[in-house]
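Chemist: Fit chains B and C to the supplied structure of chain A, relying on the hints for placement.
As you go down the protein sequences, you meet chains A, B and C in turn.
Quick note on numbering: the working numbering labels position 268 of the first sequence as 258, and the sequence is numbered without any gaps.
Quick note on numbering: the working numbering labels position 165 of the second sequence as 155, and the sequence is numbered without any gaps.
Quick note on numbering: the working numbering labels position 393 of the third sequence as 383, and the sequence is numbered without any gaps.
Hints may contain errors.
As the list claims (entries may be wrong) - Once the Cα atoms are required to be at most 30 angstroms apart in a straight line, the calculated DSSO-like pairs of lysine-lysine come out as: (1) A/K201 / A/K313; (2) C/K199 / C/K324; (3) C/K108 / C/K34; (4) C/K201 / B/K201; (5) B/K406 / B/K201; (6) A/K322 / A/K406; (7) A/K406 / A/K324; (8) A/K324 / A/K313; (9) B/K313 / B/K201; (10) B/K30 / A/K355; (11) B/K199 / B/K324; (12) B/K322 / B/K201; (13) B/K197 / B/K313; (14) C/K197 / C/K406; (15) B/K355 / C/K108; (16) A/K355 / B/K34; (17) C/K201 / A/K201; (18) A/K34 / C/K355; (19) C/K201 / C/K406; (20) A/K199 / A/K324; (21) A/K201 / B/K201; (22) C/K313 / C/K201; (23) C/K355 / A/K108; (24) A/K324 / A/K197; (25) A/K199 / A/K406; (26) C/K197 / C/K313; (27) B/K199 / B/K322; (28) A/K201 / A/K324; (29) B/K355 / C/K34; (30) A/K30 / C/K355; (31) B/K406 / B/K324; (32) A/K406 / A/K197; (33) C/K30 / B/K355; (34) A/K355 / B/K108.
As the list claims (entries may be wrong) - Cβ pair distances, simulated, as ranges: (35) B/I12 / A/I12: 55 to 61 angstroms; (36) C/G107 / B/E375: 32 to 38 angstroms; (37) A/I400 / C/F314: 40 to 46 angstroms.
No lab work stands behind these hints: they were computed from the structure.
Ideal Cβ placement from N, Cα and C applies to all residues, glycine included.
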Amino acid sequence: MTNSATNLRLKLPMACIILEVIIIILFGTLVQYDDETDAKLWHKEIANGSSNYDNDFYYRYPSFQDVHVMIFIGFGFLMTFLQRYGFSSVGFNFLIAAFALQWATLMQGFFHGMHGGKIHVGIESMINADFCTGSVLISFGAVLGKTSPVQLLVMSVIEVTLFAVNEFIVLTVLGAKDAGGSMTIHTFGAYFGLMVARVLYRPNLDKSKHKNCSVYHSDLFAMIGTIYLWMFWPSFNSAVTAHGDDQHRTAMNTYYSLAACTLATYGLSAVVAHDGKLDMVHIQNAALAGGVAVGTAGEMMLTPFGSMIVGFLAGTISVLGFKFLSPILEQKLKIQDTCGVHNLHGMPGVLGAIVGAVTAALATKEVYGDGMADVFPDIQSGDVEASFQGIRQAISLAVTLGIALLGGLITGFILKLPIYGAPPDTICFEDGIYWELPGEEGSHEELTTVRTPDEAEKLNA
Amino acid sequence: MTNSATNLRLKLPMACIILEVIIIILFGTLVQYDDETDAKLWHKEIANGSSNYDNDFYYRYPSFQDVHVMIFIGFGFLMTFLQRYGFSSVGFNFLIAAFALQWATLMQGFFHGMHGGKIHVGIESMINADFCTGSVLISFGAVLGKTSPVQLLVMSVIEVTLFAVNEFIVLTVLGAKDAGGSMTIHTFGAYFGLMVARVLYRPNLDKSKHKNCSVYHSDLFAMIGTIYLWMFWPSFNSAVTAHGDDQHRTAMNTYYSLAACTLATYGLSAVVAHDGKLDMVHIQNAALAGGVAVGTAGEMMLTPFGSMIVGFLAGTISVLGFKFLSPILEQKLKIQDTCGVHNLHGMPGVLGAIVGAVTAALATKEVYGDGMADVFPDIQSGDVEASFQGIRQAISLAVTLGIALLGGLITGFILKLPIYGAPPDTICFEDGIYWELPGEEGSHEELTTVRTPDEAEKLNA
Amino acid sequence: MTNSATNLRLKLPMACIILEVIIIILFGTLVQYDDETDAKLWHKEIANGSSNYDNDFYYRYPSFQDVHVMIFIGFGFLMTFLQRYGFSSVGFNFLIAAFALQWATLMQGFFHGMHGGKIHVGIESMINADFCTGSVLISFGAVLGKTSPVQLLVMSVIEVTLFAVNEFIVLTVLGAKDAGGSMTIHTFGAYFGLMVARVLYRPNLDKSKHKNCSVYHSDLFAMIGTIYLWMFWPSFNSAVTAHGDDQHRTAMNTYYSLAACTLATYGLSAVVAHDGKLDMVHIQNAALAGGVAVGTAGEMMLTPFGSMIVGFLAGTISVLGFKFLSPILEQKLKIQDTCGVHNLHGMPGVLGAIVGAVTAALATKEVYGDGMADVFPDIQSGDVEASFQGIRQAISLAVTLGIALLGGLITGFILKLPIYGAPPDTICFEDGIYWELPGEEGSHEELTTVRTPDEAEKLNA
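In isolation and in its complexed conformation, chain A is listed as follows:
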């Protein structure tokens, strides 16, 4: 391991600054305020009888901020469970999220429809950009500890682009519904990341094995991430659903799904973990699967009852996945999934897609009334039958899996190029390789040793 290989003095600044300059130029050329953020245009609407309250800001900004917390605190701290990778977990999460949300604004803007050659931005584009970022952070979880920040930025460039393509196909071309992103965010992010991890397989990773685990306080930091994700998931799933009953119902379905999922997680964890004790890995992750699994159906008339069943199932398969499937993935399929994203986002995402397809296929005018127009506009307009909407949902899952796996494969090979300063097998899961660390020795001594009598005297004086 030589100095130059993982030294980021040139690589990271080049990546950050070049990417940011490109983004700024593209924003300068292509991006405009939308009707609700532009002073002139909004005041035209006011002159035409709108009230300031009609500005979408007031419908969605609280949800946006909750989503924002999930992206930066939730994902960031969830990954701090590693004993020696907290700086990188929070810090790289911060870096790639700040990049991805800008890049996503551009990529989603291209596909969601330009306005006279311009991308319009407002609160909805901000939420969608955060959503796309979430997908990248899921993939980050699969390769956590084994990648350099430059690799992660490159991965983000490609993944955000493919996310926007897939989202366009699923939501616009196929006409599927996926407000909370069981498919477009979770399934996509998980299988993309797993495929990248597969290509980047490190046969000698066991040399860093002793660092690939938690310590007491790192698990507590991770719980900050878990709890924030859990609490704000109702806001995540409802952030871009239609105004009124739709936002309200989506938030509530998610809340019930998560609650039921949590009970299942604790129950199952005690069954499968060593000695009938609880395993923090399950609590930190599987308890969230209920949010993933109602990402598609949450806005539908799933009922609290249906939401709870889905949540219960999601928690169950997630715990079982951590216990039984993850070791198989690693040993047989050579997928080293650091955070177990397959269990938290992969399988529950697929479950969520299936639940969405079934729930859509069962939609009736009797249940939805005029609300059908919000949830399934194509059924309301008579363009499709409910059963066909179900089929569109199912096809969307297949498309998402295909694009994610293929995209992850290609991205993996690009990231395999030995030019990004990736860590060697012996120094994975280790902050010290990319971060100046505080002097631990002296300072730690300070914290733990008995003070000298002299010092003690001063303090007690």
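Modeler: This is chains B and C only, laid out in the frame that chain A set:
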């Protein structure tokens, strides 16, 4: 101490899964979307001229999320102050809150009035369920470190039920006002928990004494809980008050009460603590008493001036309680109150009830104008005099104390049965009994010892 | 160092209680609910056709809560980076914020216009009080670790007063715009604090040098502060801007500025830090400079493009400031700036003021349309030209710098009086001087040593 006694492999899964299955069945049978979450019903209201903004979601969802943060982060992290009980504090808080909010939805639904045999759910039921959960978590604070998760679930089943009964009597039968729950939440939860702790008295708890204290970083984690509770208490007290001036005023009164309480807490702490230094226990707890103490009167025309006086008093009695009363409770009354909930929720809750009774008795049409209808509908309608409203408030406090103490007594005896895997006196306040702990030895060494020259070289390379 | 010098038993209670009593008396005499929090007055507005939704609470309360989190969690935890000063960072932050927001309500009330001899309070006064508090906390960052809580309270009394005077001159007399406070909050707080730090210069501070640095977990706690500040800065800058497009646009401009700033920060940090590694100090601080730098122009039609350029510049100068300017400030100018507030708030604040002046000078009716009335009412009304508005902005910067520096100078000398229990040079950056610390020795051993076979057996039993 044998294996079987505290092993949860059968007990916890049985408790979790049976309870969740019961809940799911009851939800399937009894629970429906309300008018604002149901697609068909809400669109009927839209057809009748409502705007999406009239959906209560937009009035209350931001407050709900703040309350949610208080329940899961606030209470959860506040209790991580124990050096070796962080997993259990956050983790059991998470478990029993996820359970209690579901159970509370059912119990409160029964008592708050069924609609054609169905319980209607929406944002207000979600807030109320979180409130009820808060009460259970207060009781949890009294028995923290000395109970198994199975005991806690059983306690939650009973306490939620009695909470709903008491709430029904206080708010519906007696017609008292208690929007922020000085009585129904804080007084109830505290005295219920204290009585449970009394019955579960452990004469040999001093065998675990060395773990019943904090370390440096555990106190910092606890401050996360404190600060979140402090910041969001205005949302808590105003979450279910009437729209408009009521929510606005309640939030502001709480904000001022807490600010004054904080100054009193710091001042008093320096007076009573050792050597004129500040005591973290006071800061973490007593600074919050101002929120508790305006839980009843916060929605009334208490004025900022009145709110500050109440907050100042609450901080004062809370610090003094920690210093002088807690030792007496433990030694004379045999109540081992781990978190000092008597000082944070008990006495300030009673203070809040008294303040509420006095403020209600002083209500005049001159001060409230037409706003009287929101705060005291029975006075507005002429059904009662203000003085009688004050009496109803006072009776409500007595009823709450009675139900809490009696309920806690019975619950304590039920929890005393030796079937729940409670920890022995020697291993209280210890995560290791219920949680798989990360390997500390090797990993900690990793964190603190001087690296080998070889490793150091690699890192610096 | 004798006992009496830093013992707070008398000093802190006297300061806290006297100040709080004064505040309560002044509130009793001078403060009233405004039209939107008073039951009678609001219901008069309702009777006149207003809807509850017109209550400013619903426009601003979510933003207020985000600002509140920035003040108490953001600032509080950002300063926990010191290895041994976490209790004081969070705890003194808590104390002086709780005091300052009350005092600010009074001081700003005097200057923002009394109503019949009374100060009216509501959600907007709460946000403004939190803003003023933010300024005090910035100054706290400059003197962190070297001041007693009594000194900090005295500093707050003076600084809040001068803040209100400066704010009055800048916003009311000069008619400048500064919704996010690049000038009034950041520039003012930074240069005030730097001047105080200059006067309180400690030539022998190197005796505490070994404690003036971070440890691994303290840096992670600090990242909690950083991320919260970063996420909620859009709410900060938009909290008091006009309803509708203004709040919406301000939040979005801030979001883009911060994202670009973050990329610049990571890039520059890797360039200037040791060995091409990232430096936590930069990430924790410089990544936030983008929020500071659009504090004035954020509500203007800066465009996302302009916002990103400003953010990118802010991150760049902030990292360079930490690397090259801070050592000069300390060695040549004798300013010991503990948190580097000059780099995070000082220079980016001045940059923000300049950007604001330029953007204002370029305002045209063509771009703003009728929205001009919200952003630049004096230009809309024809009272001033855009270019003159730019000049007013520039003058405001000069005035702010003048009042901050002069105020800080005087305050520094007042704080130099040897009566406040300030720590000696040898025990700076040390919680133990003002806080009862948990017994670390025994407890830490508990956490790290191999358990005795006996204990281990019990745990594994």
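Chemist: For each hint, tell me whether it holds in the structure or not.
Modeler: Here is how each hint holds up against the structure:
Pair hint A/K201 plus A/K313 holds up; C-alpha atoms about 20 angstroms apart against a cutoff of 30 angstroms. Using a Cα cut-off of 30 angstroms, the hinted pair C/K199 and C/K324 holds, with the two alpha carbons roughly 15 angstroms apart. Distance restraint check for C/K108 and C/K34: the Cα-Cα separation of roughly 20 angstroms lies within the 30 angstroms cut-off, and the hinted pair is therefore satisfied. Only pairs whose Cα atoms come within 30 angstroms are accepted, and C/K201 paired with B/K201 is accepted, the gap being roughly 28 angstroms.
Under the criterion of a C-alpha separation no larger than 30 angstroms, the hint pairing B/K406 with B/K201 is consistent with the structure, at around 23 angstroms. For a cut-off of 30 angstroms, the pair hint linking A/K322 to A/K406 stands: about 21 angstroms separates their Cα positions. At most 30 angstroms may separate the alpha-carbon atoms for a hinted pair to count; A/K406 and A/K324 meet this at roughly 16 angstroms. The hinted pair formed by A/K324 and A/K313 meets the criterion: a straight-line CA distance of about 17 angstroms does not exceed 30 angstroms.
Restraint check for B/K313 and B/K201: the C-alpha separation of about 20 angstroms stays at or below 30 angstroms, so the hint holds. Among the hinted pairs, B/K30 with A/K355 is consistent with the structure: their alpha-carbon atoms are about 9 angstroms apart, no more than 30 angstroms. Restraint check for B/K199 and B/K324: the C-alpha separation of about 15 angstroms stays at or below 30 angstroms, so the hint holds. Restraint check for B/K322 and B/K201: the C-alpha separation of about 23 angstroms stays at or below 30 angstroms, so the hint holds.
The suggested pairing of B/K197 with B/K313 holds, with an alpha-carbon distance near 23 angstroms, which does not exceed 30 angstroms. Under the criterion of a C-alpha separation no larger than 30 angstroms, the hint pairing C/K197 with C/K406 is consistent with the structure, at around 19 angstroms. Of the supplied pair hints, the one linking B/K355 and C/K108 holds, its CA atoms being roughly 22 angstroms apart against a limit of 30 angstroms. Restraint check for A/K355 and B/K34: the C-alpha separation of about 13 angstroms stays at or below 30 angstroms, so the hint holds.
Between C/K201 and A/K201 the alpha-carbon distance is near 28 angstroms, which keeps this suggested pair within the 30 angstroms criterion. Between A/K34 and C/K355 the alpha-carbon distance is near 13 angstroms, which keeps this suggested pair within the 30 angstroms criterion. For the hint linking C/K201 to C/K406, the alpha-carbon distance of about 23 angstroms falls within 30 angstroms, and the restraint holds. Proposed proximity of A/K199 and A/K324 is supported: the alpha carbons are some 15 angstroms apart, at most 30 angstroms.
Restraint check: the Cα-Cα separation between A/K201 and B/K201 comes to about 28 angstroms, which is no more than 30 angstroms; the hinted pair holds. Our distance criterion of 30 angstroms between C-alpha atoms is met by C/K313 and C/K201, whose separation comes to about 20 angstroms. Of the pairs offered as hints, the one joining C/K355 and A/K108 holds, with about 22 angstroms between alpha carbons and a cut-off of 30 angstroms not exceeded. With a C-alpha separation of about 16 angstroms, the suggested pairing of A/K324 with A/K197 holds against the 30 angstroms cut-off.
Annotation: proposed proximity of A/K199 to A/K406 holds, straight-line Cα distance about 21 angstroms (limit 30 angstroms). Distance restraint check for C/K197 and C/K313: the Cα-Cα separation of roughly 23 angstroms lies within the 30 angstroms cut-off, and the hinted pair is therefore satisfied. Taken as a hint, the B/K199 and B/K322 pair is honoured in the structure, with Cα atoms around 18 angstroms apart against an allowance of 30 angstroms. Taking the CA atoms of A/K201 and A/K324, the gap is about 19 angstroms. The hint holds against a cut of 30 angstroms.
Between B/K355 and C/K34, the direct Cα distance comes to roughly 13 angstroms. Compliance with the 30 angstroms bound is thereby established for this hinted pair. Proposed proximity of A/K30 and C/K355 is supported: the alpha carbons are some 9 angstroms apart, at most 30 angstroms. For the hint pairing B/K406 with B/K324, the CA-to-CA distance comes to about 16 angstroms; that is within 30 angstroms, so the pair holds. Of the supplied pair hints, the one linking A/K406 and A/K197 holds, its CA atoms being roughly 19 angstroms apart against a limit of 30 angstroms.
For a cut-off of 30 angstroms, the pair hint linking C/K30 to B/K355 stands: about 9 angstroms separates their Cα positions. With a C-alpha separation of about 22 angstroms, the suggested pairing of A/K355 with B/K108 holds against the 30 angstroms cut-off. In this structure the supplied range 55 to 61 angstroms holds for B/I12 paired with A/I12, their Cβ-Cβ distance being about 57 angstroms. About 33 angstroms separates the C-beta atoms of C/G107 and B/E375, a value consistent with the hinted range of 32 to 38 angstroms.
Between A/I400 and C/F314 the Cβ separation comes to about 42 angstroms, which falls inside the hinted range of 40 to 46 angstroms.
Violated hints: none; the structure is consistent with every hint.
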